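So the chains spell out like this:
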Amino acid sequence: MSEVRQKPRAPLLPGVVALALSTVYLIALLAVEKQPLVIGLLALAVVAVLAAHYMDWLNPVARSFAEREGTLSVYAILAACVVAAFFHDNHFVLLLFVTVLLYTVATLGLNIEFGYAGVLNFAGASFFGIGAYTSAVLNTYTAVPHLLVLLIGGMLAALIGSLLLLPVLRTRGHYAALVTIAFALLLKTFLEVNDVLGGPQGMQVKGMSILGWSFNDNFEVGKIEMSFYLNYFVVSMLLLCGTFVLVRRLERSWIGLNLDAVRLDETAASCFGLDIARWKITAFVLGNFVIGVAGALFGMVGGFVAPNNYTFADSLIMVSILLLGGIGNPWGLVVATFIVVVLPEKLQTIQEYRFLLYALIVIMVLLFRPEGLLPRPVRRYFPGWRA
Amino acid sequence: MDVGLLTQYVMNGLMLGMMYTLVAVGFTLFFGVLDIIKFSHGDVLTVGAFTALATYIGLRSVGISSTPLLLLAMLVVAILAMAALGMLIARYLVMPLRSAPPLNTLLITLMLGTVLREMVRLFYPQGANPKPFPALLPTGSINLGQFNLRLDNVIMLAAGVTIIIGLRLLLDRTKLGLAIRAVAQDEETARTMGINFTAIVLITFAIGSALAAVAGVMNGLYYNEINFGMGLLLGVIGFSAAIIGGLGSIYGAILGGFLFAALQTIGAVALPFASAYKDVFAFTVVIALMAWRPTGLIQEKISERV
Amino acid sequence: MSRIVRQLSRFFASALFVGALVATAQAKDRVKVGFIGPLTGGVSVNGIGGRNSAELAVKLRNADAKAKYEYELVVLDDECKPNVAVQVATKMAADKEIIAGATHYCSATAIATVDVYHKFGFPIIVWGAVLPDITYRSKYAEVHRVNGTMIDQNDANAELISKLGFKNVAVIHDTTDYGKGHNAYFSKSLAKLGGKIVGTFGVTADQQDFTAELTQIKALNPEVIYFGGLTPIGVRIRSQMDKLGIKAVFDGTSGIVSDAFIQGLGPLAEGALAFREGASTEKLPGGKFFLENYAAQKYDNPPEAYGAFSYAAMDLILDSIEKVGPDRKKVIEELANVKDRDSIIGKVTFDDHGQNTVALITKYVVQDGKFVEWDDSEYAAGKRKLPGQK
Amino acid sequence: MTCLLEARGLTRRFGGVVALDNLDLAVVPNEIMGLIGPNGSGKTTFFNVVTGIYGAHGGSVTFDGADITRASSRAVYHAGVSRTFQRSRLSLPLSIFDNIMIGNHKRLNQGLWFNLVRRGEFEREFEDNYAAARTLIEVFEPRLAERMFEPVAGLPMIDRRRIEICRALISQPKLLLLDEPSAGMTHDETKELMDDILQVRELNRSLTIVIVEHEMGLIERITDRCVVLNFGRKIAEGPYRQVAVDRQVQEAYLGVE
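Protein chains in written order, with the numbering used here: chain A, 389 to 775; chain B, 160 to 465; chain C, 25 to 414; chain D, 9 to 265.
Note that these hints are calculated values from the structure, not bench results.
As the structure is a prediction and not an experimental result, all values here were calculated from the model.
One thing to keep in mind: the hints can contain errors.
Straight line, CA to CA, 27 Å or less: simulated DSS-like cross-link-like pairs of lysine-lysine [to be verified]:
id, chain 1, residue 1, chain 2, residue 2
1, C, Lys363, C, Lys347
2, A, Lys422, C, Lys56
3, C, Lys271, C, Lys191
4, A, Lys422, C, Lys92
5, C, Lys90, C, Lys312
6, A, Lys594, C, Lys115
7, A, Lys734, C, Lys115
8, A, Lys611, C, Lys353
9, C, Lys371, A, Lys422
10, C, Lys363, C, Lys92
11, A, Lys594, C, Lys120
12, C, Lys92, C, Lys52
13, A, Lys422, C, Lys52
14, C, Lys56, A, Lys734
15, A, Lys594, C, Lys204
16, C, Lys312, C, Lys394
17, C, Lys387, C, Lys371
18, C, Lys120, A, Lys611
19, C, Lys394, A, Lys422
20, C, Lys115, A, Lys611
21, A, Lys594, C, Lys163
22, C, Lys220, C, Lys409
23, A, Lys611, C, Lys354
24, C, Lys115, C, Lys52
25, D, Lys242, D, Lys182
26, C, Lys52, C, Lys394
27, A, Lys594, C, Lys353
28, C, Lys371, C, Lys83
29, C, Lys163, C, Lys363
30, C, Lys312, A, Lys734
31, C, Lys312, A, Lys422
32, C, Lys56, C, Lys90
Build out the structure end to end from the sequences listed, making use of the hints.
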């Protein structure tokens, strides 16, 4: 239907402006140290968003993101690189940034299970941990190329996850919730008591290195000293882009449709020939794989793994990110992850109150905006495709 | 194995089982009336224990030192406070979400649990540290070979049994119990029978949370130490117990509670690997049970109208 | 709420304090130094004691008109958890403004973070952790330690209990490197003296119920239960021993030398043994000076066993910065040639691994709700007897 | 063999209640058969047993010559049976197009590789199916064809019904089971719906329809033949006019025993 494509598409400008503004804002927020300034900036953000909401400036933005996603994604990547370049020698900010990227990847994986297929998974952090421990063990005891280690991490997460398939497929609702919750506790205790994996002490993880390029050494471009975290930023960015495309294509295909159908009404779905088990398995395995890969890379970034990093509470934080951003909406996840990871780091005063804060936020979201900050729009198989 | 030693293990198992059961019964009550999981239950237990401790310290500071009086006061205050808390939770967090998907209720109560836990950690003086809990029960003990029978454990077991029997009687013999069971059976019919649905739900939550308070105090008396994190694991275990027993059935909860304790004890002593693996073992069995009996040992009927 | 209130008041206090200094000493440049210790969790009293002591060192230095720089102390909490420790250590080391730090009470956290400090070239002095590997596993120029290692204290421990005629010992250790280390060194030295380990049990740091392990131990009926771990589990195990009617000596390590242990157990603490490297603070060369100044600050928390070491570590860092200026590389070089340096804990000498050599070990026994030095105790005098002592 | 769908001695119990009692029922190709009877007479249960949602406790069901008694819902659908549900079972958050496509499952390429990587081919398949769905829904309500990518949650009951029927028709089944299409609709809406169904029939003469309905006007106008159930048994069979005057049937509706 080529003729229908001629119809005018939503303008690019609003999206670009929004991106530019948020980039500048992000740089400012990450740069300032003085608490009053930080608080001021945060207040500013809230006010700005509310204002935009009432001036009805948000819908144009949403529309141009919906229809010009391809172009805007490229701009978004550029924006991220600008931020990274700005902080090229600031270890801590870059570490924070990388953390955001990898958590986004992980929650994208969780989103496939939770958001699309409706397969409950309260053990997100556990699968993240399986990935991290994989890289810890392989980097310590073997010479497996590190890019391969990432893959293996993902596969192990998927594999161990599939041990749960039988109960996950057979149970429903609360019963299904228990399966993953029990697994989360089981895995953490196992890691704690298992000496080979370092017990509660945890393990060191050797930094990444590809073709002799060691990621843990600072390097220089011209005369400018660069933080070694830039290496990780690049890889994490690539990983995020890959996952983002994967999740997008998944959603915008018959498979995405099947997953939704399974989530919304199993009986009806099976009356139209859907193989419930097949799609649940697809989602669960694929999701855990993605989470595992992110975990493997995060293990190398952090340089250390311990059971206490992968507790039930951490899994809950992942779920919170999902709900906060808006289940099923990748862009929402990016925003939510930034809020959840960066806010407590910048706002020293709330550092130790952060769990309390997250919990309260999620409760508020569930009570007053169950669809999250950026609700998932209805499926468009091809952005900008009009009829 | 030496008989005395065996009895010792059984005794340890019974004590754990009793505490798990009290928690599990709460879960199963809530599920009965509202078909929801109130995950904050375990942390209500924590708050209950800390309330009791605060009461104790308060009373001691004003010079009251009679042990039975202190114990009574602690129980009363904790029970009343938790009952109230339970009602509040039901009224403002659970009831509003009735139309929403059950997942949301699960999540909101999970998060509420975190809120309670963090509140204790942050706002109770030095709440992050484990707190010594007074031993208020007579600690006399008889040594039978390897078996050391402690009076306080016996008292606690007896108390637990009485509470559960009492609850059973309340549900079976009283008008209130009838109303609760009616609501659990079918909300609509209950309404048409002229039962005040909201009131019944609130009362049920009060009862369940009161049980949590008792379990909390019992936990403190048993370990002589409480900490802000104690509720999380107890909650999950109680939840597991209720689930493997079969949600909505009191007997299921009891069965599940003691089963879980048994699993832990067996995992600790009877199995070849190190005792530290006992929870790994217990939870593995739980998952296996879910695969075998997806709706619990005492089956709960699932009927779906098409 | 009192916690918040206290934090607020502390915040304002320090604000005023800094304000005053800025007013007086505009000329001096500000230099950031760091402290890491467990400020929350079961061993927080030790962490806070250490924090206060380091803070004291900084305050005294800032009050000193001859000091070249204006020092600001950045305090982070490792919660005695390896994973948290690595996070905060990364945070501190990654901040180029912070020149050096006095870090870690828990061995589990110290051993986990040494690589981080090395990665970022951040000079630190360990003030409390006793695991030998922290300094000896790898030769990092960044890592130093003012307190001794656990080796000597375990020799002393084994020696004492065999002297008391105890043969059969059951070992419980937390499965962190700290507990494992203690288990290894103690078992070795006990074997030398002909004692017998009847059973070894590893437990996890947040375990609540030990009845299963203890019932097994009961069946082995040892005369002594050696515990390699920190106060919180120590308290639980000791009280559950009593529940199961186990009458054995509770033989602890430096990890339980803290008032929290006694508060947690009350009368049950009586007769528990513990060991610590270095003289008890009162008997240290600068002990009096330290305790007086500490008292003058009116902290609501005692310096605890390792406060003096924390003070000494921070003082050493400040000395070095005064000497070579706020530059990490130079500070590392400076610390490398610390030799017979006088400090409140006596002469400090860093060997090529940055380890200070502390020979002296203090033996403690809990008597009437206090950690009393063994040799001064009624147990040594024979007035009282440990359970099962001949 | 002339029957498209044939049930022999079909029996299904729920606890003590016998919902289908040894029921014999035959549907011949290209007819519109009305399945009527008082509430709880087993009409919907019959649909659920045929479509494999419930298993049968006795007897057999054959469709198009093949035995589907034990077949799963999926298998029955793939064999060419589509249905609508008494209480509308659309996926409300999804768009009209998505809901229709769920019904088209067996004609869509479900391969991971095809869906994720070969986007070019996927786009072509998508466009073809979009065209098909659009033409189908235009038969019912051109308005809806303009709103293909809006969530169905906002639509009135009658439109949802239409979409449900489209979802059932898009895969071009041999047999269509309509379970009380008029439920929850006004009289006029029911009329409209009737026309819709007849139109469908015009479109595809080879389609066979079994319709469960309480709205007798609708039954009278569109069915060639009726089967009356009571307590899971067949009590009458024949053209509507004939069964309508049948004494047993009237008793059944009046509840006389």
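For each hint, the structure was consulted:
This hinted pair checks out: Lys363/C and Lys347/C have alpha carbons roughly 15 Å apart, not beyond 27 Å. A C-alpha spacing of about 15 Å is found between Lys422/A and Lys56/C, which places the hinted pair at or below 27 Å, so the restraint holds. Note on Lys271/C and Lys191/C: the hinted pairing holds, with a Cα-Cα distance of about 15 Å set against a maximum of 27 Å. At most 27 Å may separate the alpha-carbon atoms for a hinted pair to count; Lys422/A and Lys92/C meet this at roughly 25 Å.
Simply put, Lys90/C and Lys312/C have alpha-carbon atoms about 24 Å apart, close enough for the 27 Å limit, and the pair holds. A hinted pair counts as satisfied when its Cα atoms are at most 27 Å apart, and Lys594/A with Lys115/C qualifies at roughly 19 Å. Of the supplied pair hints, the one linking Lys734/A and Lys115/C holds, its CA atoms being roughly 12 Å apart against a limit of 27 Å. Between Lys611/A and Lys353/C, the direct Cα distance comes to roughly 20 Å. Compliance with the 27 Å bound is thereby established for this hinted pair.
For the hint linking Lys371/C to Lys422/A, the alpha-carbon distance of about 41 Å lies beyond 27 Å, and the restraint is violated. For the hint pairing Lys363/C with Lys92/C, the CA-to-CA distance comes to about 23 Å; that is within 27 Å, so the pair holds. Among the hinted pairs, Lys594/A with Lys120/C is consistent with the structure: their alpha-carbon atoms are about 23 Å apart, no more than 27 Å. Among the hinted pairs, Lys92/C with Lys52/C is consistent with the structure: their alpha-carbon atoms are about 7 Å apart, no more than 27 Å.
Distance restraint check for Lys422/A and Lys52/C: the Cα-Cα separation of roughly 21 Å lies within the 27 Å cut-off, and the hinted pair is therefore satisfied. In summary, the hint linking Lys56/C to Lys734/A is supported, as the alpha carbons are separated by about 19 Å, within the 27 Å threshold. Under the criterion of a C-alpha separation no larger than 27 Å, the hint pairing Lys594/A with Lys204/C is consistent with the structure, at around 23 Å. Taking the CA atoms of Lys312/C and Lys394/C, the gap is near 19 Å; set against the 27 Å cutoff, the hint holds.
Distance check on the hinted pair: Lys387/C and Lys371/C sit about 21 Å apart at the alpha-carbon level, within 27 Å; holds. For the hint pairing Lys120/C with Lys611/A, the CA-to-CA distance comes to about 19 Å; that is within 27 Å, so the pair holds. Using a Cα cut-off of 27 Å, the hinted pair Lys394/C and Lys422/A is violated, with the two alpha carbons roughly 45 Å apart. A distance of roughly 26 Å separates the Cα atoms of Lys115/C and Lys611/A; the hinted pair therefore holds under the 27 Å criterion.
This hinted pair checks out: Lys594/A and Lys163/C have alpha carbons roughly 17 Å apart, not beyond 27 Å. Taking the CA atoms of Lys220/C and Lys409/C, the gap is near 22 Å; set against the 27 Å cutoff, the hint holds. In summary, the hint linking Lys611/A to Lys354/C is supported, as the alpha carbons are separated by about 22 Å, within the 27 Å threshold. About 26 Å separates the Cα atoms of Lys115/C and Lys52/C, which keeps this hinted pair within 27 Å; it holds.
Proposed proximity of Lys242/D and Lys182/D is supported: the alpha carbons are some 24 Å apart, at most 27 Å. Proposed proximity of Lys52/C and Lys394/C is contradicted: the alpha carbons are some 45 Å apart, above 27 Å. Distance check on the hinted pair: Lys594/A and Lys353/C sit about 24 Å apart at the alpha-carbon level, within 27 Å; holds. Between the alpha carbons of Lys371/C and Lys83/C the distance comes to roughly 23 Å, so the proposed pair stays at or under 27 Å and holds.
For the hint linking Lys163/C to Lys363/C, the alpha-carbon distance of about 18 Å falls within 27 Å, and the restraint holds. Pair hint Lys312/C plus Lys734/A does not hold up; C-alpha atoms about 41 Å apart against a cutoff of 27 Å. With a C-alpha separation of about 39 Å, the suggested pairing of Lys312/C with Lys422/A is violated against the 27 Å cut-off. Our distance criterion of 27 Å between C-alpha atoms is met by Lys56/C and Lys90/C, whose separation comes to about 18 Å.
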